[in-house]
Amino acid sequence: MSDVQTFLDRLAERTEARRQAHGPEPTWIAARRQAGAARFDAMGFPDRRVEAWKYTDVRPIARGDFALTDSGDFSQASAAALTLPIVAHRLTFVDGVFSAALSDLGELPAGVAVLPLSRALAENHEAVGGPLGRLTGVEFSPFSALNTAFMEEGAVVRLAPGSVVKKPILLQFLSRANAQPVMSHPRVLIEAGARSQATVIEHHVGETEAANFTNLVAELMLDRGAILTHYKLQEAPLSDLHVASIHVEQGRDSRYTSFNLNLGGGLVRNDLITELNGEGAVANFYGLFYGQGRQHIDNHTLANHNAPRTFSNENYKGILDDRARGVFNGKVVVKRDSQKIEGFQSNANLLLSDRAEIDTKPELEIYADDVKCSHGSTTGQLDEEAVFALRTRGIDEQTARGLLTLAFAGEVMELVELAAVAERVELAVAGKLPERFNLSGLVEAAILLHDD
Amino acid sequence: MLEVKDLHVTVEGKEILKGLSLTVNAGEVHAIMGPNGAGKSTLSAVIAGKDGYEVTSGTITFEGQDVLEMEIEERALAGMLLGFQYPVEIPGVKNIYLLKAALNAQRAANGQGDMPAPEFMKLIKAKIAEMKMDASFLQRAVNEGFSGGEKKRNEILQMLVLQPKLAMLDEIDSGLDIDAMRIVADGVNSLRAADRGILLVTHYQRLLDYIIPDHVHVLVDGRIAKSGGKELAHELESRGYDWVVEESAA
Chain U
1 MSDVQTFLDR
11 LAERTEARRQ
21 AHGPEPTWIA
31 ARRQAGAARF
41 DAMGFPDRRV
51 EAWKYTDVRP
61 IARGDFALTD
71 SGDFSQASAA
81 ALTLPIVAHR
91 LTFVDGVFSA
101 ALSDLGELPA
111 GVAVLPLSRA
121 LAENHEAVGG
131 PLGRLTGVEF
141 SPFSALNTAF
151 MEEGAVVRLA
161 PGSVVKKPIL
171 LQFLSRANAQ
181 PVMSHPRVLI
191 EAGARSQATV
201 IEHHVGETEA
211 ANFTNLVAEL
221 MLDRGAILTH
231 YKLQEAPLSD
241 LHVASIHVEQ
251 GRDSRYTSFN
261 LNLGGGLVRN
271 DLITELNGEG
281 AVANFYGLFY
291 GQGRQHIDNH
301 TLANHNAPRT
311 FSNENYKGIL
321 DDRARGVFNG
331 KVVVKRDSQK
341 IEGFQSNANL
351 LLSDRAEIDT
361 KPELEIYADD
371 VKCSHGSTTG
381 QLDEEAVFAL
391 RTRGIDEQTA
401 RGLLTLAFAG
411 EVMELVELAA
421 VAERVELAVA
431 GKLPERFNLS
441 GLVEAAILLH
451 DD
Chain F
1 MLEVKDLHVT
11 VEGKEILKGL
21 SLTVNAGEVH
31 AIMGPNGAGK
41 STLSAVIAGK
51 DGYEVTSGTI
61 TFEGQDVLEM
71 EIEERALAGM
81 LLGFQYPVEI
91 PGVKNIYLLK
101 AALNAQRAAN
111 GQGDMPAPEF
121 MKLIKAKIAE
131 MKMDASFLQR
141 AVNEGFSGGE
151 KKRNEILQML
161 VLQPKLAMLD
171 EIDSGLDIDA
181 MRIVADGVNS
191 LRAADRGILL
201 VTHYQRLLDY
211 IIPDHVHVLV
221 DGRIAKSGGK
231 ELAHELESRG
241 YDWVVEESAA
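From first to last, the protein sequence lines stand for chains U and F. 1 is the number of the first residue of the first sequence in our numbering; add one for each residue after it. 1 is the number of the first residue of the second sequence in our numbering; add one for each residue after it.
Be careful, since some hints might not be right.
With a Cα cut of at most 20 Å, we get these calculated EDC-like pairs of lysine to aspartate or glutamate [claimed, not checked]:
| no. | chain 1 | residue 1 | chain 2 | residue 2 |
| --- | --- | --- | --- | --- |
| 1 | F | Lys151 | U | Glu385 |
| 2 | F | Lys50 | U | Asp396 |
| 3 | F | Lys50 | U | Glu384 |
| 4 | F | Lys151 | U | Glu384 |
Here chain F is said to cover these stretches of chain U; the calculated rule only asks that three of the stretch's residues, wherever they fall, bring their Cβ under 8 Å from a Cβ of chain F [stated by the list, open to error]:
| no. | stretch |
| --- | --- |
| 5 | 372 to 386 |
| 6 | 389 to 398 |
| 7 | 402 to 413 |
FYI, nobody ran anything at the bench for these hints, they're computed from the structure. By construction, the Cβ of each residue, glycine as well, lies at the ideal position given by its N, Cα and C atoms.
Work out the full structure, taking the sequences as your base and the hints as a guide.
Right under this line is the structure:
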């Protein structure tokens, strides 16, 4: 039986079971499923001859036999230990299944809806059917096709024009240690109305022994003037497999900021794409990936400048230890007549071990003549002279290395506004650095003392 | 305090120090002078524990402890600090964090907890004023984009904060204009104390007009060829090094 057939068989079983339990689905969903399955069947899993997958071997996924689950059970205590300590509007999914017990939306501002996809479909499936799949079709990749064939659950966020959500919206995806690995195909759909503003945290985390496959598709639509900050904090267990396709569409003067912070997962592939469709739209792609052991982390980004006076700014930092492998492929495309655009891109990598590897490829495609673009990438090791200099001041070697590693990540981490997120990342990257979090206060105190 | 006995050191197979002996007692300021290539910087680098220096024979003890058996950071925690000739730039690590981490490491080694923030700030404020540095230095990455003079002042600032038992300053005067030299010298002079040793390594006598040494040693070809008081420095200034080289060869 081929790898593809294993997945198609699962799909057939699932579809039949769903029909028996809930009756027929709305036609549009059934049609999309079929289209997804057909597309997946035709393409199969990508092998490494496909340029976009040249450095990432997906056989651990293709050869897996992943069950589907209906259970969202997860111990409250271990969920509490894993969750981000942050006040937020919270939706939790366990292996893709919505968990009401672990969700707490609190009070949402007027005009703001945050709900599981299943509920959004039950309430008004046509309102979902319009935007869903508009940005990420089944053609995008075999994984988006697979997701479309299997999709059942996920998160829908709707921000009415002018609405501002002060607290972050936390979408928490927990991976459970199951007897048989399971797969989930979550959909995230965010519709940010004109001049709305919100911060969404997508947090992937789980039990240490978990070995599941998550295949997520996110579609984020920013209308005129909308401001959306999107944290993707990936702390999944080291045997988890994770593929995410994130498509953003930006209207005039909108601002999308992505923090793609990848610490966990055994095999991770992210595709982050923005369509800058309206003048004045700004996209910031900030990334930090930290791999150890045999982790494989692949980030593909694409900024499509489809309109004049659009801006993209990308800064990805990679830190790889042990035998970890990283892939960075960042592309900026400037369409014909998209004048006065600015597109900046930078990727710097730090290899902490001789056996760690990075494949990095910044790309520019420009079909307009009045543009400002730059790109670059660097790869290096920790500066041993700096390690020595710190040690000569009595700082132990581990702290010295931690400090310097964190300093490397600094450019990206300085921009992280959520302390709980920054803390997670800093702890992972540098180990425990005492007093780290009082530093900004110290500096302010220094200036105050100096001024008086 | 510091005792160096018959020290032989090779770098990349080449013998640089060939039987150097030196004793620095608490309360003393020693200046090591000598022509280029005599091994002046090697001595302080070996004491600090820099990689690439192989001690083939001889001993270094500090307050009775075998320095060569100690890790780099242990040497610092024992009270030996080296001010670099070329301080390295450490992008992304703020000065204030280096100072705080270093000071707290020292306190931890002495069984003390971290210094409370207000006390720490008061201390730092006093020390940066002493080095005529602006508070904004604290927020900047260590030595990044600093001028030569600023880097040297920053080295002395670390000494003032960490109060070592033995301060070793490697060519601390190189590249300094006269104003910066005065500030650096004032900083070093403020470190003079009955319980502290200071070891200055310098090529030029000029610095010693500002920091008056108790002992001057001339290092020639990996050995101390001549020792004397502060007047020896003046003699070297007027006569150069050749006569010492000739004397030691004889």
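Which numbered hints fail: Hints that this structure does not satisfy do not exist here, as all of them hold.
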